[in-house]
Amino acid sequence: MSQFTNPALRGALYLTPYFPLTGYYPLYPGLFSQVMPEDGLRVGPLKLHPFLGVGEMYTDNVLRTNTDRKSNFIHNLAPGIQARLRLAGRHAFIVDYRTNLQYYERNPSNDVQDQTASARIKLDFRGGLRADVQGEHKVGHDPRGSAVDNAINKLEVNKWRTDGAVGTVEYMGAKAGVAMNVQSVRWKYTNNDQGKISDRLSNYAGFTFAAGVTPKVFALTNVSVSQLIYDQNKNLDTAMYSMSGGIRWNVSELTSGEILIGYQSLRFSHAQTTHADPVLSLFQRDGDSPSNLFVAGNMNWRPTSYTTVSLQPYRTIQQTTVAGTLFFVATGANLSLAHSLTYRMGVTLNLGVEQDRFQMSSSTGAGFARTDTVKNAAVGLNYRAVKWLGSSIQYVFEDRNSTDGTFAYRANTVMLAFQSAF
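Residue numbers (our numbering): 794 to 1215.
Certain hints may be false.
Claimed, not checked - With a straight-line Cα cutoff of 25 Å, these simulated DSS-like cross-link-like pairs (lysine-lysine) come out:
id: 1; residue 1: K863; residue 2: K989
id: 2; residue 1: K1027; residue 2: K952
id: 3; residue 1: K968; residue 2: K1009
id: 4; residue 1: K952; residue 2: K915
id: 5; residue 1: K1168; residue 2: K863
id: 6; residue 1: K981; residue 2: K1027
id: 7; residue 1: K952; residue 2: K981
id: 8; residue 1: K840; residue 2: K1180
id: 9; residue 1: K915; residue 2: K840
id: 10; residue 1: K915; residue 2: K989
id: 11; residue 1: K1027; residue 2: K989
Said to hold, decoys possible - What follows is a list of derived Cβ distance ranges for each label pair:
id: 12; residue 1: V1010; residue 2: Y964; range: 17 to 27 Å
id: 13; residue 1: V1016; residue 2: N984; range: 52 to 62 Å
id: 14; residue 1: F1000; residue 2: L878; range: 44 to 54 Å
id: 15; residue 1: L1047; residue 2: L878; range: 36 to 46 Å
id: 16; residue 1: I1186; residue 2: S902; range: 19 to 29 Å
id: 17; residue 1: T1135; residue 2: N1093; range: 21 to 31 Å
id: 18; residue 1: F1002; residue 2: T1135; range: 37 to 47 Å
id: 19; residue 1: G966; residue 2: Q906; range: 42 to 52 Å
id: 20; residue 1: L1134; residue 2: F866; range: 23 to 33 Å
id: 21; residue 1: V836; residue 2: Y964; range: 45 to 55 Å
id: 22; residue 1: I1054; residue 2: G966; range: 16 to 26 Å
id: 23; residue 1: P1008; residue 2: P843; range: 36 to 46 Å
Derived from the structure by calculation, the hints contain no laboratory data. All residues carry an ideal CB built from backbone N, CA and C; glycine is no exception.
Whenever a hint applies, use it, and build me the whole structure from the sequences.
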């Protein structure tokens, strides 16, 4: 499943509830921490934002399997704190710590204690120059229902630790602009003998150039390269190149967005080698330079001041660590709607579909020998009792149909969450 997938589906897949004041727990490394907009508690020059979320969840397919379906109740506890220090009025230093503690009623082997700690500095200079840099340590896991989980079918979920940094430097003038984005993440798996398969360093660098067509419309050109360097599983070392063009617009308060369309190519870094290790010998690469159409978009429409509709189309190559599989091509779209019923209450709707076509190595039969189609729908109700206290309830339906029955499943999940934040 790609990183562009509907966030409501990712929340259900990871069995993390939607918290009304801070949203979903950040599941993937390399994302900037969410800056909390409220006033907070003043302690000298600092603004502190302590928060606590509790959630109760029920799912009718906790292992995300096609057979032997088991239901379960999951208890979630999510304490955290954010501290923000203003620097020279325009800049800020932010330290953020948050957790995702999950306890399973009937399957304690699924219990996880995810944690994310980050330090971030935001610089906003006069004249349009901005810089944003963050370092992060994360303790996380691969969810049930993911390709890796289905492939190994262990009692425990795969658990990992990451250390990484992400940075953005941007200059945007009235008629032109340029932005550079970089990221580096070190992955370390801690159980299920996954270290020798999946331990790796991931790097990314991208440049976006913007030229004004009108005062509210910019033409975009983007070039990027991402790199995966495995500690032991060297047949999976790759570099991904992308070049695309598109537009960014904010014509009025009614419509805004950005879309990029271009070309993406994945290249393996080394000639195939035969490993003495029996597990690593299963990972062979015999394809070379697969290429594909690349699409990434985010389009927003506000028909009224109470309603926002967003559409996110995407098509991208993704690498996977499933034996006999080289990569998959993910094509999909997410449609979301948020509507405010009152000042305190709102509803959300998310619909998504994604097709994943897996390229197999010759050891398992070359070509796109496996195709998954993922459909999902989520509907939620959010309520804010007072400024510092809110609640939410969500229902999420997931359906993954696959030409390989091992990866097919259906699941229904209900999430109830309460959160206080200052």
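Hint by hint, here is what the structure shows:
At roughly 31 Å between alpha-carbon atoms, K863 and K989 are farther apart than 25 Å, so this suggested pair is violated. Taking the CA atoms of K1027 and K952, the gap is about 21 Å. The hint holds against a cut of 25 Å. Proposed proximity of K968 and K1009 is supported: the alpha carbons are some 10 Å apart, at most 25 Å. Using a Cα cut-off of 25 Å, the hinted pair K952 and K915 is violated, with the two alpha carbons roughly 31 Å apart.
Distance check on the hinted pair: K1168 and K863 sit about 21 Å apart at the alpha-carbon level, within 25 Å; holds. Between K981 and K1027 the CA atoms are separated by roughly 15 Å; this keeps the pair inside 25 Å, and the hint holds. With a C-alpha separation of about 9 Å, the suggested pair K952 and K981 falls inside the 25 Å cut-off, and the hint holds. For the given pair, K840 sits about 17 Å from K1180 by alpha-carbon distance, which is consistent with the 25 Å threshold.
Straight-line distance between C-alpha atoms of K915 and K840 comes to about 15 Å, which keeps the hinted pair within the 25 Å bound. Distance check on the hinted pair: K915 and K989 sit about 37 Å apart at the alpha-carbon level, beyond 25 Å; violated. Taken as a hint, the K1027 and K989 pair is honoured in the structure, with Cα atoms around 10 Å apart against an allowance of 25 Å. For V1010 and Y964, the hinted distance range of 17 to 27 Å is satisfied, since their beta carbons lie about 19 Å from each other.
In this structure the supplied range 52 to 62 Å is violated for V1016 paired with N984, their Cβ-Cβ distance being about 38 Å. Between F1000 and L878 the beta carbon distance is about 30 Å. The supplied range of 44 to 54 Å is therefore violated. Between L1047 and L878 the beta carbon distance is about 37 Å. The supplied range of 36 to 46 Å therefore holds. Remark: the range hint 19 to 29 Å for I1186 to S902 is upheld by a beta-carbon distance near 28 Å.
Between T1135 and N1093 the beta carbons are some 22 Å apart, a value that agrees with the proposed interval 21 to 31 Å. The beta-carbon spacing between F1002 and T1135, approximately 44 Å, falls within the hinted interval of 37 to 47 Å. As the Cβ distance of G966 to Q906 is approximately 46 Å, the hint placing it in 42 to 52 Å holds. In this structure the supplied range 23 to 33 Å holds for L1134 paired with F866, their Cβ-Cβ distance being about 29 Å.
For the pair V836 and Y964, the beta carbons lie near 35 Å from each other, so the given range of 45 to 55 Å is not met. The hinted range of 16 to 26 Å is satisfied by I1054 and G966, whose Cβ atoms lie roughly 25 Å apart. Between P1008 and P843 the beta carbon distance is about 42 Å. The supplied range of 36 to 46 Å therefore holds.
Going through the hint list in order, the structure does not satisfy hints 1, 4, 10, 13, 14 and 21.
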